Amino acid sequence: MTRRSCCIYATGIVSAHLLIVGIALVVAQVFQTMIHNRLKQEITLTEKSQVFESWKNPPPPVYMEYYFFNVTNPWEFLQGKKASVKQIGPYTYREYRPRENVTFLENGTKLYALNPKTFVFVPEKSAGNPEVDVVTTINIPFVAVMNELNSYSFLLRSMVSVYISSLGVDVFMNRTVHEILWGFKDPLLSKIHNMRPSVDEHFGLMWKKNGTHEGEFVFHTGEQNYLDYGKIDTWNGLREMSWWSSNQSNMINGTDGAVFHPLINRNELLYIFAADLCRSIHLAYVEDVEVKGIQAYRFAPPADVLMNPKDNPTNAGFCVPAGDCLGTGVLKVSVCREGAPIVVSFPHFYQADPEYINAVEGMNPNKEEHETYLDLQPTSGVPIRACKRAQLNVIVKRIPGFPKTRHINETIFPIMFVNETATIDDESAAQMKTLLLIVTLVSNFPVFIVGMGIILLLVLVVLFCRNRQKKTGKDDTAYTQVSNKPDESAETPAGQMIRNGSYIALSPVDAQKC
Numbered sequence: 001m002t003r004r005s006c007c008i009y010a011t012g013i014v015s016a017h018l019l020i021v022g023i024a025l026v027v028a029q030v031f032q033t034m035i036h037n038r039l040k041q042e043i044t045l046t047e048k049s050q051v052f053e054s055w056k057n058p059p060p061p062v063y064m065e066y067y068f069f070n071v072t073n074p075w076e077f078l079q080g081k082k083a084s085v086k087q088i089g090p091y092t093y094r095e096y097r098p099r100e101n102v103t104f105l106e107n108g109t110k111l112y113a114l115n116p117k118t119f120v121f122v123p124e125k126s127a128g129n130p131e132v133d134v135v136t137t138i139n140i141p142f143v144a145v146m147n148e149l150n151s152y153s154f155l156l157r158s159m160v161s162v163y164i165s166s167l168g169v170d171v172f173m174n175r176t177v178h179e180i181l182w183g184f185k186d187p188l189l190s191k192i193h194n195m196r197p198s199v200d201e202h203f204g205l206m207w208k209k210n211g212t213h214e215g216e217f218v219f220h221t222g223e224q225n226y227l228d229y230g231k232i233d234t235w236n237g238l239r240e241m242s243w244w245s246s247n248q249s250n251m252i253n254g255t256d257g258a259v260f261h262p263l264i265n266r267n268e269l270l271y272i273f274a275a276d277l278c279r280s281i282h283l284a285y286v287e288d289v290e291v292k293g294i295q296a297y298r299f300a301p302p303a304d305v306l307m308n309p310k311d312n313p314t315n316a317g318f319c320v321p322a323g324d325c326l327g328t329g330v331l332k333v334s335v336c337r338e339g340a341p342i343v344v345s346f347p348h349f350y351q352a353d354p355e356y357i358n359a360v361e362g363m364n365p366n367k368e369e370h371e372t373y374l375d376l377q378p379t380s381g382v383p384i385r386a387c388k389r390a391q392l393n394v395i396v397k398r399i400p401g402f403p404k405t406r407h408i409n410e411t412i413f414p415i416m417f418v419n420e421t422a423t424i425d426d427e428s429a430a431q432m433k434t435l436l437l438i439v440t441l442v443s444n445f446p447v448f449i450v451g452m453g454i455i456l457l458l459v460l461v462v463l464f465c466r467n468r469q470k471k472t473g474k475d476d477t478a479y480t481q482v483s484n485k486p487d488e489s490a491e492t493p494a495g496q497m498i499r500n501g502s503y504i505a506l507s508p509v510d511a512q513k514c
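So for the sequence shown, the working numbering puts the first residue at 1; every next one is plus one.
Since the hints were derived computationally from the structure, they do not count as laboratory data.
A quick note: this is a predicted structure, and the numbers were derived from the prediction, not measured.
Don't take every hint at face value.
Said to hold, decoys possible - Computed Cβ-Cβ distance ranges for the label pairs, DEER-style:
#	residue 1	residue 2	range
1	N265	G215	27 to 33 Å
2	E47	H282	29 to 35 Å
3	E268	K397	39 to 45 Å
4	D425	E76	55 to 61 Å
5	N265	S84	44 to 50 Å
6	L435	Q224	20 to 26 Å
7	G237	H407	45 to 51 Å
8	D324	A303	20 to 26 Å
9	F104	W75	20 to 26 Å
10	E268	V14	42 to 48 Å
11	N265	G108	24 to 30 Å
12	V122	V162	40 to 46 Å
Stated by the list, open to error - Capping the alpha-carbon separation at 20 Å, the derived lysine to aspartate or glutamate pairs in DMTMM-like fashion look like this:
#	residue 1	residue 2
13	K332	E240
14	K209	D324
15	K125	E76
16	K397	E338
17	K332	E290
18	K388	E368
19	K125	D304
20	K433	E53
21	K81	E410
22	K208	E420
23	K117	E216
24	K367	E427
25	K397	E76
26	K404	E76
27	K209	E95
28	K433	D288
29	K191	E148
30	K367	D256
31	K388	E95
32	K86	E361
33	K81	E355
34	K48	E124
35	K56	E95
36	K388	E240
37	K117	E95
38	K82	D353
39	K82	E355
40	K110	E100
From the three backbone atoms N, C-alpha and C, an ideal C-beta is built for every residue, glycine too.
Let's have the full structure, built from the sequences with the hints guiding it.
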């Protein structure tokens, strides 16, 4: 056997083996299964896991942008006209949220943690000075008192109204952004505090929330089931709430929004428990996006999250008392927030009924600026960009006994909205891209083997064709027999040519081609 033949046979054998092994690995998905199992083991909230430190001390910076609605026609609103507001802001604060008092429970399958939040003002990312800029907005303590007295007699309400007017307290107030956010001593609450010490004499939307936590959480580590990674087991010792009017609405579902299980697919719903909303919400897949060179899935709350119970019966449990429901796009959370009738929505009543949008001049909802969304890297489940947007509103209506409200048209009045954003930092993004590259190479190794087998198969075909050509090339020329006899057709010597001697005749033969 020649060297050329040996080369051909060897190439064929190697090609066949590569194709067989590669196709078998692709069909069996051995490497994909190996990678997935590794991810399920590594992405857990255990002290030895690689993600634990990032969960405990999140590296991406979180910013809280506060926007306020400054009322430009308070007197006209009290006379029964539509309120007109102008958005001011943002007033941006850096949010620090390290986990504290982390304690593992039940053989490492659960862990207890607090999540205090601290806010520091960032002037270079802000549109003004919160300690100087003054906002005209609804006097929430005054509305809270009116709402509390609504069930009392008309005579008592009238007496209280006169007393409140003597204090100089009105339906609207003028306060600095800093006071509305972080608190001020309210004259009305101070009087109530003297009679009922349990009532705080200070008011602020973020009063006592700087440096404090939202409750005591117990999380699943994902040690037993990777799908439970980061899910909340209890909040303040509760596995379900009691504020809403159905068991489904009272359920505490999902994570706190900081982590999600690995191997996310586009068809699943992701659940987040929002303590400030007193409920869980779900997010659905929207589209594929790219953040700092990392491919991600975007999830966002679908329209049915805050849909009217007539269109989405599962939301009937959020009507308290049962049957007392608002329209689409708004949620009354005063059941878990003492005081004023607080209503939450998306900014500018995005995805809400037109009646709420049209009730106040200055509302301009749009998806780009007012949608809440979460961009997740599907393999690891790590959030690489998050944008949580929520608006705080107050129900303002006529209360008999309070003359200042007698002309008011009932309105869900916007106070402010917050835009909480976080994006993966450059260092973490570089590490994730490296990790994803390794995962991609390992997962696609069987495809690489099949590719090498196909290449060798093509090489085999070329070698085989060339070998056939060289073999047939030896028979491309045919030779006639050599003869010493003169040609039978030769003429006599009488002046004619006589062919003598030997000659060789060549005749062409078609070469065989591959």
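To see whether the hints hold, each was checked on the structure:
1. N265 / G215: 27 to 33 Å: Check passed, 31 Å falls within 27 to 33 Å.
2. E47 / H282: 29 to 35 Å: holds (31 Å)
3. E268 / K397: 39 to 45 Å: holds (41 Å)
4. D425 / E76: 55 to 61 Å: violated (48 Å)
5. N265 / S84: 44 to 50 Å: 46 Å Cβ-Cβ, so the 44 to 50 Å window holds.
6. L435 / Q224: 20 to 26 Å: holds (24 Å)
7. G237 / H407: 45 to 51 Å: holds (47 Å)
8. D324 / A303: 20 to 26 Å: holds (22 Å)
9. F104 / W75: 20 to 26 Å: violated (60 Å)
10. E268 / V14: 42 to 48 Å: holds (43 Å)
11. N265 / G108: 24 to 30 Å: holds (27 Å)
12. V122 / V162: 40 to 46 Å: holds (45 Å)
13. K332 / E240: holds (19 Å)
14. K209 / D324: Violated, because 30 Å separates the two Cα atoms, which is more than 20 Å.
15. K125 / E76: violated (34 Å)
16. K397 / E338: holds (18 Å)
17. K332 / E290: This hinted pair is violated, its Cα atoms lying about 35 Å apart.
18. K388 / E368: holds (12 Å)
19. K125 / D304: violated (34 Å)
20. K433 / E53: holds (19 Å)
21. K81 / E410: holds (11 Å)
22. K208 / E420: Answer holds: K208 to E420 is near 19 Å, not above 20 Å.
23. K117 / E216: holds (13 Å)
24. K367 / E427: violated (30 Å)
25. K397 / E76: Cα-Cα ~15 Å, so holds.
26. K404 / E76: holds (12 Å)
27. K209 / E95: At roughly 12 Å apart (the allowed maximum being 20 Å), E95 and K209 satisfy the hint.
28. K433 / D288: Status holds; Cα separation ~17 Å.
29. K191 / E148: holds (15 Å)
30. K367 / D256: violated (24 Å)
31. K388 / E95: holds (13 Å)
32. K86 / E361: Holds, at about 9 Å.
33. K81 / E355: The given pair, whose Cα atoms are some 15 Å apart, holds under the 20 Å limit.
34. K48 / E124: violated (39 Å)
35. K56 / E95: holds (15 Å)
36. K388 / E240: violated (23 Å)
37. K117 / E95: holds (7 Å)
38. K82 / D353: Cα-Cα ~17 Å, so holds.
39. K82 / E355: holds (12 Å)
40. K110 / E100: holds (15 Å)
Comparing the model with each numbered hint stated earlier shows that hints 4, 9, 14, 15, 17, 19, 24, 30, 34 and 36 do not hold.
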